[in-house]
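Asker: Chains W and E are the protein sequences, given in the same order.
Be aware that the first sequence starts at 59, since it is given in this note's numbering, and climbs by one per residue.
Be aware that the second sequence starts at 59, since it is given in this note's numbering, and climbs by one per residue.
Check before you lean on any hint, since a few could be wrong.
For chains that are exact copies, the list does not tell them apart, and a pair is met inside one copy or across any two.
[Claimed, not checked] Pairs of lysine to any residue, SDA-like flavour, derived with a Cα cap of 25 Å:
no. : residue 1 : residue 2
1   : Lys-157   : Val-132
2   : Lys-157   : Asn-75
3   : Lys-113   : Pro-95
4   : Lys-166   : Asn-265
5   : Lys-157   : Val-243
6   : Lys-113   : Glu-140
7   : Lys-128   : Asp-179
8   : Lys-113   : Ser-218
9   : Lys-157   : Leu-145
10  : Lys-157   : Val-261
11  : Lys-113   : Val-70
12  : Lys-128   : Leu-146
13  : Lys-128   : Tyr-103
14  : Lys-128   : Leu-79
15  : Lys-128   : Asp-198
16  : Lys-166   : Thr-94
Just so you know, these hints were derived from the structure itself, not from any lab.
Protein chains: 2
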Amino acid sequence: MTLPQVNLPSAVGRPANPAGLPPAEARALFRAGLVTPTSGWSSGYAQANLIIVPKAQAFDVLLFAQRNPKSCPVLGVLDAGETSGPLLAGGDIRTDVPKYVVYQDGRKVDEPTDISNHWRDDLVTFIVGCSFTFESALQDNGIRVAHIDQGVNVPMYRTSVRCEPAGQMAGPLVVSMRPIPASQVADAVRVTSRYPAVHGAPVHVGNPAELGIADLGGRTSATRSGSRTAMCRSSGRAG
Amino acid sequence: MTLPQVNLPSAVGRPANPAGLPPAEARALFRAGLVTPTSGWSSGYAQANLIIVPKAQAFDVLLFAQRNPKSCPVLGVLDAGETSGPLLAGGDIRTDVPKYVVYQDGRKVDEPTDISNHWRDDLVTFIVGCSFTFESALQDNGIRVAHIDQGVNVPMYRTSVRCEPAGQMAGPLVVSMRPIPASQVADAVRVTSRYPAVHGAPVHVGNPAELGIADLGGRTSATRSGSRTAMCRSSGRAG
Numbered sequence: 059m060t061l062p063q064v065n066l067p068s069a070v071g072r073p074a075n076p077a078g079l080p081p082a083e084a085r086a087l088f089r090a091g092l093v094t095p096t097s098g099w100s101s102g103y104a105q106a107n108l109i110i111v112p113k114a115q116a117f118d119v120l121l122f123a124q125r126n127p128k129s130c131p132v133l134g135v136l137d138a139g140e141t142s143g144p145l146l147a148g149g150d151i152r153t154d155v156p157k158y159v160v161y162q163d164g165r166k167v168d169e170p171t172d173i174s175n176h177w178r179d180d181l182v183t184f185i186v187g188c189s190f191t192f193e194s195a196l197q198d199n200g201i202r203v204a205h206i207d208q209g210v211n212v213p214m215y216r217t218s219v220r221c222e223p224a225g226q227m228a229g230p231l232v233v234s235m236r237p238i239p240a241s242q243v244a245d246a247v248r249v250t251s252r253y254p255a256v257h258g259a260p261v262h263v264g265n266p267a268e269l270g271i272a273d274l275g276g277r278t279s280a281t282r283s284g285s286r287t288a289m290c291r292s293s294g295r296a297g
Numbered sequence: 059m060t061l062p063q064v065n066l067p068s069a070v071g072r073p074a075n076p077a078g079l080p081p082a083e084a085r086a087l088f089r090a091g092l093v094t095p096t097s098g099w100s101s102g103y104a105q106a107n108l109i110i111v112p113k114a115q116a117f118d119v120l121l122f123a124q125r126n127p128k129s130c131p132v133l134g135v136l137d138a139g140e141t142s143g144p145l146l147a148g149g150d151i152r153t154d155v156p157k158y159v160v161y162q163d164g165r166k167v168d169e170p171t172d173i174s175n176h177w178r179d180d181l182v183t184f185i186v187g188c189s190f191t192f193e194s195a196l197q198d199n200g201i202r203v204a205h206i207d208q209g210v211n212v213p214m215y216r217t218s219v220r221c222e223p224a225g226q227m228a229g230p231l232v233v234s235m236r237p238i239p240a241s242q243v244a245d246a247v248r249v250t251s252r253y254p255a256v257h258g259a260p261v262h263v264g265n266p267a268e269l270g271i272a273d274l275g276g277r278t279s280a281t282r283s284g285s286r287t288a289m290c291r292s293s294g295r296a297g
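Generate the whole structure from the sequences, applying the supplied hints.
Answerer: So, in structure tokens, the structure goes:
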């Protein structure tokens with residue numbers, strides 16, 4: 059596969075203006091080793107989460123997404139063994155993401171920046187819409203996004219709400235959270251509702267305890283590690 | 059499984075008021091042997107088409123639906139071997155449809171009113187939204203539905219438009235057609251657009267030749283036989 063020509067900075071540092079970076083250039087930075095949350099990057103383009111599973115589990119994952127479209131809005135699927143596709147033209151799904159989390163038998167075994175040595179020809183890739191996509195629209199509507207202002211990843215929480223299971227796939231609803239002044243909540247709902255393919259309007263506004271979140275300081279491990287990859291809003295037990 | 063108690067007419071004829079029949083009673087009539095198109099039945103309830111395939115093909119079918127959501131809006135999936143589910147509470151997918159078309163190796167081998175003797179524990183059932191659902195909404199908005207007035211099945215056509223393939227699944231877009239006076243077309247589009255889960259707004263308005271339909275008299279075989287079951291708007295080559 060021929061990768062696109064892009065100008066890399068001499069050292070792989072965070073670019074001065076990530077919001078203005080075209081996706082192919084962002085992917086080239088990640089391919090070269092940059093590790094960073096991507097909130098605020100490539101404004102106006104869809105961002106995605108990744109789920110990669112063996113073909114034997116692929117039906118269950120796709121059925122889980124069909125039954126939980128709000129949690130797992132599928133933007134595209136790469137067939138078994140495919141490592142690129144129209145959603146990442148010229149890219150390589152094994153290298154072009156800042157960081158991956160690799161699970162085996164339900165246990166995390168690796169957090170590489172490249173999964174080439176884990177790749178198998180029976181792996182099916184699901185590209186799932188990410189709510190980072192609508193953050194620039196929130197900002198364009200005068201709504202500040204706290205974690206972008208702070209330069210950190212979005213807070214995420216495992217809730218007590220169960221997703222609809224599908225075959226081997228089951229798990230709690232996982233949510234991201236954005237603190238927004240009460241006077242702007244209606245605007246935030248209106249803006250995000252236009253983006254159903256990247257989770258859309260909030261599943262809840264108001265009291266985190268109603269979702270079983272007792273402590274807004276207790277984020278998921280995925281957030282603490284700074285990694286979002288291989289993370290679905292609704293985490294499931296992949297085999 | 060216990061089937062619901064319903065009052066069956068002494069002979070299985072077409073009921074006087076099919077539009078007012080609750081779905082469980084309609085299913086009981088079909089289970090008892092009534093064969094009829096269901097356009098105009100059970101007004102206000104979703105109607106569905108059926109696709110049943112071996113588990114080995116199920117991922118390709120679901121992926122085909124994900125890539126062609128306008129053609130194959132999946133309302134629900136019954137896991138391998140399941141014969142009932144929440145969308146047909148108390149029903150049995152093997153008996154409760156007026157007529158089935160059974161394919162083997164891509165060839166039609168049977169058109170039974172009951173597929174119990176074809177059933178296998180590895181069969182996965184896809185319940186796909188049917189445009190009959192929005193016809194009562196069209197009528198409520200003063201738009202006449204010609205095939206209901208005439209008591210026949212909706213005209214359907216195989217077009218020259220290709221669906222997005224998925225694994226083993228590929229095939230042309232198949233459309234239903236409703237002749238509507240030009241002055242009511244905008245209303246018809248507005249009304250049907252509210253029902254994306256059952257195909258929604260038309261894929262085309264105007265000139266059938268643009269979809270490769272040379273002759274509006276040349277309907278698909280599925281229409282000629284009066285059977286809709288196992289027919290997806292986008293037919294695919296199931297193995």
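Asker: Taking the hints in turn, state whether each one holds.
Answerer: Against the structure, the hints:
1. Lys-157 <-> Val-132: This pair counts as within: shortest intra-copy Cα distance 20 Å, inter-copy 33 Å.
2. Lys-157 <-> Asn-75: within (20 Å within a copy, 61 Å between copies)
3. Lys-113 <-> Pro-95: neither (28 Å within a copy, 38 Å between copies)
4. Lys-166 <-> Asn-265: Neither way: Lys-166 and Asn-265 sit 31 Å apart in one copy and 56 Å across, limit 25 Å.
5. Lys-157 <-> Val-243: Answer is neither; intra-copy 32 Å and inter-copy 51 Å both fail.
6. Lys-113 <-> Glu-140: both (12 Å within a copy, 22 Å between copies)
7. Lys-128 <-> Asp-179: Neither. Shortest intra-copy (30 Å) and inter-copy (30 Å) distances fail the 25 Å Cα cut-off.
8. Lys-113 <-> Ser-218: neither (29 Å within a copy, 32 Å between copies)
9. Lys-157 <-> Leu-145: within (18 Å within a copy, 41 Å between copies)
10. Lys-157 <-> Val-261: neither (27 Å within a copy, 41 Å between copies)
11. Lys-113 <-> Val-70: Answer is neither: 34 Å inside a copy and 46 Å across each miss the 25 Å cutoff.
12. Lys-128 <-> Leu-146: both (23 Å within a copy, 24 Å between copies)
13. Lys-128 <-> Tyr-103: both (19 Å within a copy, 23 Å between copies)
14. Lys-128 <-> Leu-79: neither (28 Å within a copy, 33 Å between copies)
15. Lys-128 <-> Asp-198: within (24 Å within a copy, 31 Å between copies)
16. Lys-166 <-> Thr-94: Within one copy only: 20 Å inside a chain, 55 Å across chains, cut-off 25 Å.
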